[in-house]
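A.B. asks: Given chain A, put chain B in place with the hints provided.
Chains A and B, in that order, give the protein sequences.
Read in the working numbering, the first sequence has 72 at position 72, and its numbers run on one by one without any break.
Read in the working numbering, the second sequence has 1191 at position 191, and its numbers run on one by one without any break.
What the hints contain is simulated information worked out from the structure, not anything from laboratory work.
Note that the coordinates shown come from a computational prediction; the quantities given were computed from them, not determined experimentally.
Straight-line Cα separation of at most 30 Å, DSBU-like style, residue types lysine-lysine; simulated pairs: (1) B:K1181 - A:K32; (2) A:K83 - B:K1181; (3) B:K1032 - B:K1204; (4) A:K32 - B:K1235; (5) B:K1235 - A:K83; (6) B:K1235 - B:K1181; (7) A:K83 - B:K1005.
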Amino acid sequence: MVNNILLAILVMAGVTYLIRVLPLVLIRREIKNRTVRSFLHYVPYVTLSVMTVPAIFTATNVIFWSALAALAVAVVLSLRGCKLPVVAACACFTVFLVELIPF
Amino acid sequence: MITRKTWFARGVRDGMPIAIGYFAVAFALGIKATAAGLTPWQSALLSFLNVTSAGEAAGIALLGAGTTYVELAFTQLVINIRYLLMSCSLSQKLSADTGILHRLLVGYGVTDEIFGISAAREGYLSPYYSYGAISVAVPGWTLGTLLGAVMGNILPARAVGALGVALYAMFLAIVLPPAGKSRVIAGIVAVSMAASALLTWVCKHFALTWFTEGFRIIALTVVISAAAALLFPVKETDNTAKVEVAEDGQ
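So that you can see chain A by itself, here it is in the shape it has in the complex (with noise of 0.2 Å):
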């Protein structure tokens, strides 16, 4: 059993550090092959895209609205080449607005 907070804590943290940096440490050269190229190419895009849908339906916590109006807003922004601050922001803002229109 845990007895000890701080030694819990250092377990969880050694164990997401070595995760980490263990492929940046053992992968030190430019992989040739060309399909696990293209597999490490696509992963970003993969990985950050399933982690947004459906995530950002919760995300608010109030009201489902208001992260459908913030999508929409970040999609637009997003494909009109907004820079990221800029995105991020007018987000949170329209779930701002949003959330004080009264259903």
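C.D. replies: Same frame as chain A, but now just chain B:
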């Protein structure tokens, strides 16, 4: 030639929205940590050393309910295994002559969001970009947890909730511009989102509690990326990295 200072400054700039989003998410986490019996300083240390929302939330839940060190370690492994894939992907963004110390430090900052902005940079990634992002994002994450733990119930839930979408808006700002230029990437993004929504619904509907969000992320990432790699292998000439490094004269 892009200097280290410029890379660091770019990292700080792109890290700012992450820091704000982190602050909001961490604030909520701090409230949970206090409820589970952690002191505010323990909560802050937890966040500073782990920098992982899902992992910490699970850890806090386990600590609150009573657990073992082995269970804690295994839970982190399962929930955070996606970082392994992200780091594999990032390993190809670091130039081969990036030293071991840089790799150890960059590894500390492989979060969903810092990975996202790093992957979005064209060409090779300078470790100083990561350091810039880490230098604002981690304080945001740690301070958010500390403040949530100390004064959780003072801030209105509404304001915290509004900040919570910042991270997802950022993800969209990262994946959508390339999707606008490439039909393959647009298709991959659409399929990924649809599959994720469907799988989440299926898990909820059939009460598959063992198929956690962490599992879903990694399962979908492996399957969809592998299918995409087989169907649409990237061209050898796609590697803009080489060109940029030559220009940088590194």
